[in-house]
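**Q** In order, the protein sequence lines correspond to chains A and B.
For the first sequence, my numbering assigns the number 1 to the initial residue and increments by one for each residue that follows.
For the second sequence, my numbering assigns the number 1001 to the initial residue and increments by one for each residue that follows.
Treat the hints as calculated values from the structure; they're not laboratory data.
These figures come from a predicted structure and were not determined experimentally.
Incorrect hints may have been included.
Unchecked claim - Which residues of chain A face chain B? A few of them, derived with a C-beta cut under 7 angstroms, are:
hint: 1; residue: Pro96
hint: 2; residue: Arg99
hint: 3; residue: Asn105
hint: 4; residue: Phe109
hint: 5; residue: Pro111
What the hints assert, rightly or not - From chain B, some residues computed to sit far from chain A (all C-beta separations above 10 angstroms):
hint: 6; residue: Ser1007
hint: 7; residue: Ala1010
hint: 8; residue: Glu1056
Beta carbons: idealized from backbone N, C-alpha and C, even for Gly.
Each chain is listed here by its residues.
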Amino acid sequence: EAQVTQNPRYLITVTGKKLTVTCSQNMNHEYMSWYRQDPGLGLRQIYYSMNVEVTDKGDVPEGYKVSRKEKRNFPLILESPSPNQTSLYFCASSLPDARLAGSGNEQFFGPGTRLTVL
Amino acid sequence: EDQVTQSPEALRLQEGESSSLNCSYTVSGLRGLFWYRQDPGKGPEFLFTLYSAGEEKEKERLKATLTKKESFLHITAPKPEDSATYLCAVLGSSARQLTFGSGTQLTVLP
Chain A
1 EAQVTQNPRY
11 LITVTGKKLT
21 VTCSQNMNHE
31 YMSWYRQDPG
41 LGLRQIYYSM
51 NVEVTDKGDV
61 PEGYKVSRKE
71 KRNFPLILES
81 PSPNQTSLYF
91 CASSLPDARL
101 AGSGNEQFFG
111 PGTRLTVL
Chain B
1001 EDQVTQSPEA
1011 LRLQEGESSS
1021 LNCSYTVSGL
1031 RGLFWYRQDP
1041 GKGPEFLFTL
1051 YSAGEEKEKE
1061 RLKATLTKKE
1071 SFLHITAPKP
1081 EDSATYLCAV
1091 LGSSARQLTF
1101 GSGTQLTVLP
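With the hints as constraints, model all of the structure from the sequences given.
**A** In structure tokens:
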């Protein structure tokens, strides 16, 4: 079954304690991205990757890191989480679309990770 | 800066009552406009990509249209299972990332 998996699905942590949210896809997609979703603000992109070892900042990258060492995995790292990073996080993957200058089209989203930072 | 505004914020329909959702956008050189559906507690699910003004796409009871300033998602004879939040997003020529609207929460009553 084609899918994007995220772990953990729920996480409560404390300020400053480093954490990693994993994302994996089994569709051989080049394009992967991370979003956060907050009430009234919609989905905002944190980072994206157009292929292995190629990553770039989205709209709200501050406080986050990513890496893309393998095509299937795209972990999101919070080195020193703060309460304003409490949010619902989604990972997504897709094939690149030449008509979108290589950006992803028809993105498959994971089930989400609900993070609370106390 | 790309901007997307969706209206209404919430819409309640009776089963079979057709209606339209609006997505107004400002973007420097539209590369694509996207519609997604999101059910509570789940990730968004892709519906349509529209690339240029005048383009239309259909899927079951849904039809998406695009002009130079806005897109409409027409829902014909909706059913309760169409209840969800519908998200619109744009990709401009100067950006690599999507800009999403806040969504329209649709409730279809039996």
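**Q** Does each hint fit the structure? Answer for all of them.
**A** Hints, verified against the model:
1. Restraint check, Pro96/A versus chain B: the minimum CB separation of about 11 angstroms is more than 7 angstroms; hint violated.
2. With 7 angstroms as the threshold, the beta carbon of Arg99/A comes within range of chain B, its nearest partner Cβ sitting at about 6 angstroms, so the hint holds.
3. With its C-beta approaching chain B no nearer than about 6 angstroms, Asn105/A sits inside the 7 angstroms limit, and its interface hint holds.
4. Restraint check, Phe109/A versus chain B: the minimum CB separation of about 3 angstroms is within 7 angstroms; hint holds.
5. This hint holds: Pro111/A has a C-beta 6 angstroms from the nearest C-beta of chain B, less than the 7 angstroms allowed.
6. Ser1007/B, annotated as away from the interface, keeps every beta carbon of chain A farther than 10 angstroms; the closest lies near 14 angstroms.
7. With a least beta-carbon separation of about 13 angstroms from chain A, Ala1010/B lies farther than 10 angstroms from that chain, consistent with its non-interface assignment.
8. No Cβ of chain A comes within 10 angstroms of the Cβ of Glu1056/B; the nearest lies about 17 angstroms off, and the non-interface call holds.
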